[in-house]
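*Asks:* Fit chain B to the given chain A structure using the hints.
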Amino acid sequence: MIAELPFTVAAVVLAGFMFVSVLRLAIGPTAADRAVALDTVNTLVVTTMVLLGAGLGQVVLVDVAIVYALLSFVSTLYIARYLEGGWG
Amino acid sequence: MTALAILQVLLLVLLVVCGVLAVRLKDLLGSVIALAAGSLLLSLQFFLLQAPDVAIAEAGIGAALTTALFVLAIRKTRRKEEE
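Line order of the protein sequences matches chains A and B. Just so you know, this note's numbering puts 330 at position 59 of the first sequence, and the rest follows in order with no gaps. Just so you know, this note's numbering puts 1302 at position 56 of the second sequence, and the rest follows in order with no gaps.
If we strip away everything but chain A, and leave its shape as in the complex, we get:
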């Protein structure tokens, strides 16, 4: 059994990073800034899920993080496609 406290403290620190990213999402002048902020929040959420899955000792929670990392790519792809204005 791994000690739980360091993982949860690291997750709280990552939530602080999420706060800064959401601030950029709020004040970002262009849509590209907001898209990058969304992608940063995405990565931080996946990292927090893996950290908590390891810290709480539940392997099934890591599977959620894997599914999430696969699916969250789609939204970023569609926003980037719109900003590029290309095919479709």
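Hints may contain errors.
Sample of chain B residues facing chain A (criterion: CB under 7 Å; computed from the structure) [what the hints assert, rightly or not]:
id	residue
1	Ile1279
2	Ala1283
3	Leu1290
4	Val1300
5	Ala1301
6	Gly1306
7	Ile1307
8	Thr1313
9	Ala1314
What the hints contain is simulated information worked out from the structure, not anything from laboratory work. Every value quoted in this text rests on a predicted model; they were computed, and no experiment measured them. Every residue, glycine too, gets a C-beta built ideally from N, C-alpha and C.
*Replies:* Frame of chain A; chain B shown alone:
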């Protein structure tokens, strides 16, 4: 107050901020992005409440499908909201 409780409170505050942004922004693409970020944070909240299957469903529908559909709808219509 444990560290997990602090994490949950921080996530809920961020969720409220994202919801207000999704309503108030005039740029509809920014509004959709704020909605996607809120959906992400809601999924993490489900994850913290020990409901991983709900978190997977929220990830699939909220983050991926809804954002793609809204962006396709914005492509067919106007991006800026009128006053």
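*Asks:* Work down the list of hints and note, for each, if the structure agrees.
*Replies:* Results for each hint:
Here the hint on Ile1279/B is kept, as its CB sits about 4 Å from the closest CB of chain A, short of 7 Å. With its C-beta approaching chain A no nearer than about 5 Å, Ala1283/B sits inside the 7 Å limit, and its interface hint holds. A hinted interface residue such as Leu1290/B counts as satisfied when its beta carbon comes closer than 7 Å to some beta carbon of chain A; here the least separation is about 5 Å, so the hint holds. A distance limit of 7 Å between C-beta atoms decides the matter here; for Val1300/B the minimum to chain A is near 10 Å, and the interface restraint is violated.
The beta carbon of Ala1301/B comes within 5 Å of a beta carbon in chain A, closer than 7 Å, and the hint placing it at the interface holds. Annotation: Gly1306/B was flagged as interfacial toward chain A, and the flag holds, the nearest CB pair being 5 Å apart, inside 7 Å. Of the supplied interface hints, the one on Ile1307/B is violated, with its beta-carbon coming no nearer than about 9 Å to a beta-carbon of chain A, more than 7 Å. For the restraint placing Thr1313/B at the interface with chain A, the shortest Cβ-Cβ distance is roughly 4 Å, inside the 7 Å limit, so the hint holds.
Hint status for Ala1314/B relative to chain A: holds, with the closest Cβ pair at about 4 Å, below 7 Å.
In this structure, the hints that do not hold are numbers 4 and 7, in rising order.
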